[in-house]
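Given chain A's structure and the hints, the job is docking chain B onto it.
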Amino acid sequence: MSVTGFFTDSTLCIGCKACEVACKEWNQIPDDGFLWSGLSYDNTIELSASTWRHVQFLERSLPVAGARRRESAAWEFHSDVCKHCENAGCLEACPTGSIVRTEFGGVYIQPDVCNGCGYCVVSCPFGVPDRNPSDGRVFKCTFCYDRQRGGLEPACAKACPTGSIAFGPLETLHDRALRRLEELGEQGIRDASIYDASEGSVGGIHAFSLVRGDPRAYNLPPAPEIPTVHLKTAWRSAAAGALFLLAACAAAFAGTRR
Amino acid sequence: MRIRRADERSERRLEELREQAWRAGRVEAPGVRPSGAPFPKATAETGYYGLPLLKPPTWTWEVPLYFFAGGAAGAASVIAANSRRRDPALSRDARFLSAVGAAVSPLLLVSDLGRPARFLNMLRVFKPQSPMSVGAWTLVFFSSASTAAALADLAEERGVAPRLARVLGPPAGFAAAASGLVMATYTGVLVGATAIPVWSESAPLLPVHFAASGLATAGSLLELAGNRSRALNRLGLAAAAVETGIGAALEASRRPALEPAKKGWSGRVVRAGGLLSGPLPLALRLLFPRSKRARRFAAASSVIGSLLTRAGWVAAGKASAKNSR
Chain A
1 MSVTGFFTDS TLCIGCKACE VACKEWNQIP DDGFLWSGLS YDNTIELSAS TWRHVQFLER
61 SLPVAGARRR ESAAWEFHSD VCKHCENAGC LEACPTGSIV RTEFGGVYIQ PDVCNGCGYC
121 VVSCPFGVPD RNPSDGRVFK CTFCYDRQRG GLEPACAKAC PTGSIAFGPL ETLHDRALRR
181 LEELGEQGIR DASIYDASEG SVGGIHAFSL VRGDPRAYNL PPAPEIPTVH LKTAWRSAAA
241 GALFLLAACA AAFAGTRR
Chain B
1 MRIRRADERS ERRLEELREQ AWRAGRVEAP GVRPSGAPFP KATAETGYYG LPLLKPPTWT
61 WEVPLYFFAG GAAGAASVIA ANSRRRDPAL SRDARFLSAV GAAVSPLLLV SDLGRPARFL
121 NMLRVFKPQS PMSVGAWTLV FFSSASTAAA LADLAEERGV APRLARVLGP PAGFAAAASG
181 LVMATYTGVL VGATAIPVWS ESAPLLPVHF AASGLATAGS LLELAGNRSR ALNRLGLAAA
241 AVETGIGAAL EASRRPALEP AKKGWSGRVV RAGGLLSGPL PLALRLLFPR SKRARRFAAA
301 SSVIGSLLTR AGWVAAGKAS AKNSR
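Chains as they are written, first to last, in my numbering: chain A, 1 to 258; chain B, 1 to 325.
Do not take every clue at face value.
[Claimed, not checked] Here are the simulated lysine-lysine pairs, BS3-like style, with alpha carbons at most 30 angstroms apart:
hint, chain 1, residue 1, chain 2, residue 2
1, A, Lys232, B, Lys318
2, A, Lys24, A, Lys158
3, B, Lys262, B, Lys41
4, B, Lys41, B, Lys127
5, B, Lys41, B, Lys292
6, A, Lys24, B, Lys322
7, B, Lys263, B, Lys318
8, B, Lys263, B, Lys41
9, B, Lys41, B, Lys318
10, B, Lys41, A, Lys24
11, B, Lys262, B, Lys322
12, B, Lys127, A, Lys232
13, B, Lys262, A, Lys232
14, B, Lys318, B, Lys127
15, A, Lys232, B, Lys263
16, A, Lys24, B, Lys318
17, B, Lys322, A, Lys232
18, B, Lys318, B, Lys262
In short, the hints are calculated from the structure, not lab data.
Isolated chain A (complex conformation) (with noise of 0.2 angstroms):
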């Protein structure tokens, strides 16, 4: 099986949230509240138990030829998702097993074997995956990992109508979006970046994006580690307390009569 992966490309996004519907309903995941947040057209807020595809709505401000002022002049639209991280804090942190690896390379969480400690939830760099409160379990995007076994498309994808949500071979998803950067140069449009998350301990991730301007407004970490890495330091530590107490005991006791 070859490694899949989601292109996400907010320039083609129109903000449409099919994406979010359809993923709920394939999923058969339960509504979060209907509240108006007031911040621009994004009532969903973030990814959650509930929300496993979540469009953001980014209202920029740009200099605009000819106004006198900076207006509110760009509206960006990113349909944000778990990233499935080649090395993911939440599968390393699972004490249970229940977070595997697929043969997709995706990262699932067994609903049948969660037992809900919720230590994935603190070991996310990114703030996926999420404890649903009456049902006690934790759950985040599955990549369609029923639909992928079946030989389907996720359900996000393929009810993108633009083509912003790709999926398909890592690879050539990589390919595919350093080709879209170079054609957005030549359109004169130089504030997009690919973000993957390559760079440090994360070693890159399977649902990657192409977003204009600062990724940090997207809520995107612009260094995200890991948590594997502070092992080492920790246990360390841990010996020297160990070794703490094993001296202190040896001390106090040493001078005592029987």
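Below, chain B without anything else, positioned relative to chain A:
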């Protein structure tokens, strides 16, 4: 509705408008300011509308209490093993304390799970790279060993199968002490190796911190239970000294990620815990080495301080996730 009364200012403004319209042919108004303005923005500095990037820990009140109980139980088993020859009465008490902690700990841990009935799924696999997995196995091993050690003492005392108790007691006590060392320290690794900034930045500090805190709790509880051993006073001194040093290091650090451990509600709890488990018992034990009352005060202060420390650090993690951009 507010009734607007004409005054000097309002009339001057109206005249200004007429003046402007007369001169320019149009007027410039400041515009309407909607309630709630200015609205959050999605920028590099504020992140996505100032919404947190990370999810806060789902852990409820059971978890800091578990850190407290498990840490104290682990340290108690180490005290029990070290005092076996020199002070058998103290060792028996320490084994009992350790067994009580070992009985309470799994209950707390299980009830915090989203699906408590599935606790045993923790024992499907062993993953050394997951501190939670290491901790679950350690807890199972430690609970069994320390309960066995305490039961062996009890059996010997009551004369029930004394020979078996004498054979099983020492290895059980040794196993409890060995796993107790992990019990007292691994929780620091558990929170240190996460994506939560205030925790991961404190990864070099927390395991030692929790070890000292656990030792202080175990020793202090034994003192409060009536043990007069001078060794316990020395343990209290050592733990309080380490806690003071860690508190000082935390205060001296200027890293912005550590702010939730110093500022706000969580910071206040961490600080209060630090004072009660560091400088206060240290001063009491140093200044009044002969006073029984000072020792009791120091012991009580250490126990409360340790509890606050655990609660404060878990709260700091939640605050840290909320502030993440």
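Hints, verified against the model:
1. A:Lys232 - B:Lys318: Within the cut-off at roughly 24 angstroms; holds.
2. A:Lys24 - A:Lys158: With Cα atoms ~13 angstroms apart, A:Lys24 and A:Lys158 stay inside 30 angstroms; holds.
3. B:Lys262 - B:Lys41: holds, 28 angstroms
4. B:Lys41 - B:Lys127: Given pair B:Lys41, B:Lys127 is violated - Cα atoms ~42 angstroms apart, limit 30 angstroms.
5. B:Lys41 - B:Lys292: violated, 60 angstroms
6. A:Lys24 - B:Lys322: Since the Cα atoms of A:Lys24 and B:Lys322 sit roughly 26 angstroms apart, the hinted pair holds (cutoff 30 angstroms).
7. B:Lys263 - B:Lys318: holds, 13 angstroms
8. B:Lys263 - B:Lys41: Holds, at about 25 angstroms.
9. B:Lys41 - B:Lys318: holds, 23 angstroms
10. B:Lys41 - A:Lys24: Roughly 28 angstroms separates the two Cα atoms, so the pair holds.
11. B:Lys262 - B:Lys322: holds, 15 angstroms
12. B:Lys127 - A:Lys232: holds, 15 angstroms
13. B:Lys262 - A:Lys232: Distance ~25 angstroms between B:Lys262 and A:Lys232 Cα, so the pair holds.
14. B:Lys318 - B:Lys127: holds, 26 angstroms
15. A:Lys232 - B:Lys263: holds, 28 angstroms
16. A:Lys24 - B:Lys318: holds, 29 angstroms
17. B:Lys322 - A:Lys232: holds, 26 angstroms
18. B:Lys318 - B:Lys262: holds, 14 angstroms
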